[in-house]
Amino acid sequence: MRHMEINVMSILVDDQDKALEFYTKKLGFVKKHDVPIGDAKWLTVVGPKNLDGVELLLEPDWNPMVAKEVAAFKAALVENGIPFTSFACDDVQAEYDRLKALGVEFSQPPMEAGPVTIAVFDDTCGNLIQIAQMAK
Amino acid sequence: METAEPTRRRRGGCGRHPEWELVIGVRTQTSKPHPTIQLYVDESDRQRVFHAVADPTRRRILDELAKRDDQTLYELCVRMLTDHGLDMTRQGIEKHLAILEEAGLVGSERRGKYRVLRLDAGPLLRDVEPWVRRLTGSGSER
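Chain order of the listed sequences is G and Z. Mapping of the first sequence onto this note's numbering: position 130 corresponds to residue 130, and the numbering continues sequentially without gaps. Mapping of the second sequence onto this note's numbering: position 106 corresponds to residue 106, and the numbering continues sequentially without gaps.
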């Protein structure tokens, strides 16, 4: 039977260079593809322990056709503390401590929520990101 | 056939926090006096506080906000969902928050990029606590 696989998910960033810096140097992801397309790039990163896993596309948010609407959408999420997406990690508290030391700003410190522990930080590119750890 | 012809009138003061007595009468075709319904509408701050805490969901919101200062709406929604199994829409929570803010029990302010929520127990101490103490006879306000 034919089927599809999820190979890329995208996040809308206000500056691709700044995003690459943050997602690799601070978060620890690894650059996978960096292909120029016009004045932007097809720019993806992957998790360091799963180089063939799902790629995160750092996609420009300034497409003039939708830039205004995208900006309003991103601002409304941030204002209410709502993360755009969520990444898995082994130890939310340790990751919180590590990222805090690197100057990353959290809108929500680690908190137990039923079977998961979550925290939410600012990716400096206009998004909030949640990290989540399943209870062992 | 009876035709209901509601008449309304207001009695009482009309100050900054008016406590109105609203009289709603219904007149029938035969013009016989009909029992009137008297509705007391208390629009005071105190009433807003009691109204706000009369609802169980709003009391849970206050309980959750008491656990940590400066929660975002997202954090409050997560807490309501995980601690109480309440899958509320954001609009549903907003409606309750508006009533709590109107009563002065919840404040919201912008902190950087975020809007954060904070519990203010002041109105409870002002309006509820003296009343409870008076009834239970445990205070000086007897």
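Hints were generated in silico from the structure; no laboratory data involved. Do not take every clue at face value.
[Unchecked claim] Some residues of chain Z that are not near chain G, with every Cβ distance over 12 Å (derived):
id	residue
1	S44
2	F50
3	V53
4	A54
5	R59
6	D63
7	D70
8	D83
9	K95
10	G107
11	L117
12	R126
13	V128
14	E129
15	P130
[To be verified] Calculated pairs, DSBU-like style, for lysine-lysine (alpha carbon to alpha carbon, straight line, at most 30 Å):
id	chain 1	residue 1	chain 2	residue 2
16	G	K18	Z	K113
17	Z	K67	G	K136
18	Z	K67	G	K100
19	G	K136	G	K74
20	Z	K67	G	K74
Even glycine gets a Cβ: it sits at the ideal position worked out from N, Cα and C.
Violated hints - listed by number, lowest first: 7, 8, 11, 19
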